[in-house]
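Asks: Okay, here's what each chain looks like letter by letter:
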Amino acid sequence: MELGNLASLQAFYPELLLTAATLVIVLIDLLTSDKSWLGEVALISTSGALLLIGVGPLDGGAWLFRRMLVYDSFSIFFRALIALAALVAVWMSIGSQEVRRCEQGEYYSILLASALGMLLMTESANLLMAYLSLEFVSLTSYVLTGILRHNRRSQEAALKYLIYGGVASGTMIYGMSWIFGMAGSLDFMAINRALFATSHIPVLAVFIALVLILSGLGYKVASVPFHMWAPDVYEGAPIPITTFLAVGSKAAGFALMTRFFYPAISHLGPDGNWQPLNQVAWPQLLLVVCIITMTLGNLAALQQQNMKRMLAYSSIAQAGYALMGFVLLSNDGLIAMLVYLFAYYVMDAGAFLVVMIVANLTGSEDISAYRGLAWRRGGALLAISLTIFLLSLTGIPATIGFIGKFYVFAAAIRERFYILAVIGILNSVVSLYYYMRPVKAMFLEQPVDSVSAVTVEYWNYGLMGVLALATIFLGLYPPPIISFASNSLRFFISSS
Amino acid sequence: MDTIVSAWFPIAVTIVVSALIVGGMVTVNRLLGPRSARNKVKGEAFECGNPPSGSAWNRFSIRFYLTALLFLIFDVEIVFLYPWAVELRELGMVGFVEALIFIAVLVVGLVYAWQRGALDFE
Chain L
1 MELGNLASLQ AFYPELLLTA ATLVIVLIDL LTSDKSWLGE VALISTSGAL LLIGVGPLDG
61 GAWLFRRMLV YDSFSIFFRA LIALAALVAV WMSIGSQEVR RCEQGEYYSI LLASALGMLL
121 MTESANLLMA YLSLEFVSLT SYVLTGILRH NRRSQEAALK YLIYGGVASG TMIYGMSWIF
181 GMAGSLDFMA INRALFATSH IPVLAVFIAL VLILSGLGYK VASVPFHMWA PDVYEGAPIP
241 ITTFLAVGSK AAGFALMTRF FYPAISHLGP DGNWQPLNQV AWPQLLLVVC IITMTLGNLA
301 ALQQQNMKRM LAYSSIAQAG YALMGFVLLS NDGLIAMLVY LFAYYVMDAG AFLVVMIVAN
361 LTGSEDISAY RGLAWRRGGA LLAISLTIFL LSLTGIPATI GFIGKFYVFA AAIRERFYIL
421 AVIGILNSVV SLYYYMRPVK AMFLEQPVDS VSAVTVEYWN YGLMGVLALA TIFLGLYPPP
481 IISFASNSLR FFISSS
Chain P
1 MDTIVSAWFP IAVTIVVSAL IVGGMVTVNR LLGPRSARNK VKGEAFECGN PPSGSAWNRF
61 SIRFYLTALL FLIFDVEIVF LYPWAVELRE LGMVGFVEAL IFIAVLVVGL VYAWQRGALD
121 FE
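Going down the list, the protein sequences come from chains L and P. Residue numbering for the first sequence follows this note's numbering, starting at 1 and increasing by one per position. Residue numbering for the second sequence follows this note's numbering, starting at 1 and increasing by one per position.
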């Protein structure tokens with residue numbers, strides 16, 4: 001089904017709501033002097049967008065806006081994930097002292113605009129749309145990273161992010177021009193047909209184009225060798241934005257990458273296995289990228305003293321685990337990747353939330369600030385929650401992180417990628433060391449200042465409780481998320 | 001082999017012609033141009049014939065940057081509105097309303113920039 005401009009709007013409510021909210025927040029910011037409730041407006045709009053995601057013509061899917069966007073179960077999964085990430089980011093922003101000091105109207109309207117761009121990234125069915133939405137997300141992310149105007153680290157992070165981002169997206173659009181030159185179209189399905197039908201397209205040229213495109217996509221998911229921006233940006237940005245970039249931006253990058261590498265330039269066999277068109281060797285390339293990404297992320301995290309920086313390297317490693325599901329060329333692998341990304345969302349958002357609460361309390365993000373946190377009055381709950389999130393990031397059983405890792409490793413073994421699975425497990429063992437360092441500091445070391453009690457706002461406690469319970473509950477009873485992921489792996493590829 | 005040659009022939013011609021043009025210009029310049037030693041005037045930056053004044057490393061106001069950015073945004077708006085105006089009859093009421101929404105979004109941006117003092121040049 002191919003919908004025109006007006007008919008497409010029926011599957012486009014979340015994006016419309018976010019657009020309207022962006023403008024309304026700008027206007028409210030101009031008209032009123034009391035700006036403390038702009039965060040609540042943003043919170044209501046993101047929850048509304050989350051609720052509206054299922055609305056649409058759900059009979060297999062549809063092309064929207066003359067084949068620029070696609071509506072299918074795959075995009076619903078990622079739109080839900082991104083709306084959840086935006087919801088957590090807005091919730092955290094309301095409880096963050098850093099954010100309370102900056103321009104409220106600009107902050108929330110740009111945050112919602114960024115979420116809008118990520119939603120469009122997950123739905124793109126055309127290279128032009130893919131590039132525009134990716135660039136939209138990048139531009140808004142640069143501003144959000146540098147929004148702490150009087151903080152040098154934040155400014156430095158924004159500048160680095162901008163420079164890396166400019167180079168990466170320039171390289172990517174050059175690669176897209178190669179694809180356009182060979183396929184004669186920017187539409188994903190037309191590219192698929194062109195690469196499928198003609199054998200005279202040189203394999204090397206397609207490979208080079210894909211490497212170029214990968215620089216933009218790899219930059220969004222922070223995979224090696226395009227990961228260099230992540231530690232600086234994650235450290236410099238306000239913590240809610242770090243969370244949003246770590247879970248939202250990464251998920252959007254994976255969504256676009258999957259949609260381009262799978263339905264656009266691969267062919268689905270009857271047994272649920274995919275075949276790269278023209279025998280282009282991108283799975284082998286990505287396999288190497290995946291192994292290096294998780295190893296380098298974990299090794300670099302070992303020595304970090306700053307929690308945000310440590311979690312930044314950990315998130316590079318986590319992208320590597322998710323890529324394991326991506327390179328297997330099977331539907332099982334992709335389902336494992338979806339499960340992993342959801343698990344990553346819950347536990348990483350939780351870990352960053354605790355980092356934010358501790359930063360609110362102490363003004364510090366260093367591991368030394370966590371010393372004896374468990375033994376301070378009112379700090380036990382905080383310490384236990386952080387331990388749960390970190391155990392989950394390691395992949396200890398009875399947490400959602402274990403479910404994610406289990407599915408990814410199981411899919412790798414089923415496809416006979418034994419060495420890949422072994423490398424993944426070795427990496428998890430290495431990661432245990434640095435994930436346990438804050439835990440050791442919290443439980444085994446003496447508090448720096450044992451007199452003052454820890455006070456946390458109920459607002460932040462609420463979200464922390466929800467995320468910690470979700471980590472445990474979905475770790476013990478994963479069927480809801482597994483069935484959501486496996487029902488979501490349906491790409492709408494009808495050529496009519 | 002034949003098809004490869006014929007497919008790449010135009011590109012080969014382009015390369016040869018461009019090399020000839022550039023090479024020719026440089027050679028003619030060298031043969032006909034006066035040979036003067038390096039002097040102060042020759043070392044100056046070329047500013048359309050005017051004698052250059054001051055250093056190129058001046059700091060200038062951030063206002064220029066803001067103005068340039070705003071100009072760019074509204075310039076792009078006009079780029080969208082020309083084809084819309086030409087095709088307005090064909091687009092009908094839907095196209096008309098769509099463009100009105102587009103302009104309204106930009107007006108919000110303009111009002112915001114104005115209220116925030118981006119247009120004040122002191």
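Possibly wrong hints are sitting among the right ones.
Said to hold, decoys possible - Some chain P residues well away from chain L (every beta-carbon gap over 10 Å; in silico): (1) Val22; (2) Lys40; (3) Tyr82; (4) Val108; (5) Tyr112; (6) Gln115.
Stated by the list, open to error - SDA-like, lysine to any residue: derived pairs with alpha carbons at most 25 Å apart: (7) L:Lys440 with L:Ala453; (8) L:Lys35 with L:Val456; (9) L:Lys35 with P:Val107; (10) L:Lys35 with P:Arg116.
Unchecked claim - Computed, partial: chain P to chain L, Cβ under 8 Å: (11) Val94; (12) Val105; (13) Val107.
What the hints contain is simulated information worked out from the structure, not anything from laboratory work. Even glycine gets a Cβ: it sits at the ideal position worked out from N, Cα and C.
Asks: Would you mind marking each hint as holding or not holding in the structure?
Replies: Status of each hint after checking the structure:
no.	hint	verdict
1	Val22	holds, 24 Å
2	Lys40	holds, 37 Å
3	Tyr82	holds, 20 Å
4	Val108	violated, 5 Å
5	Tyr112	violated, 5 Å
6	Gln115	violated, 5 Å
7	L:Lys440 with L:Ala453	holds, 20 Å
8	L:Lys35 with L:Val456	holds, 23 Å
9	L:Lys35 with P:Val107	holds, 22 Å
10	L:Lys35 with P:Arg116	holds, 15 Å
11	Val94	holds, 6 Å
12	Val105	holds, 6 Å
13	Val107	violated, 10 Å
Taken one by one, the earlier hints fail for this structure at numbers 4, 5, 6, 13, listed in ascending order.
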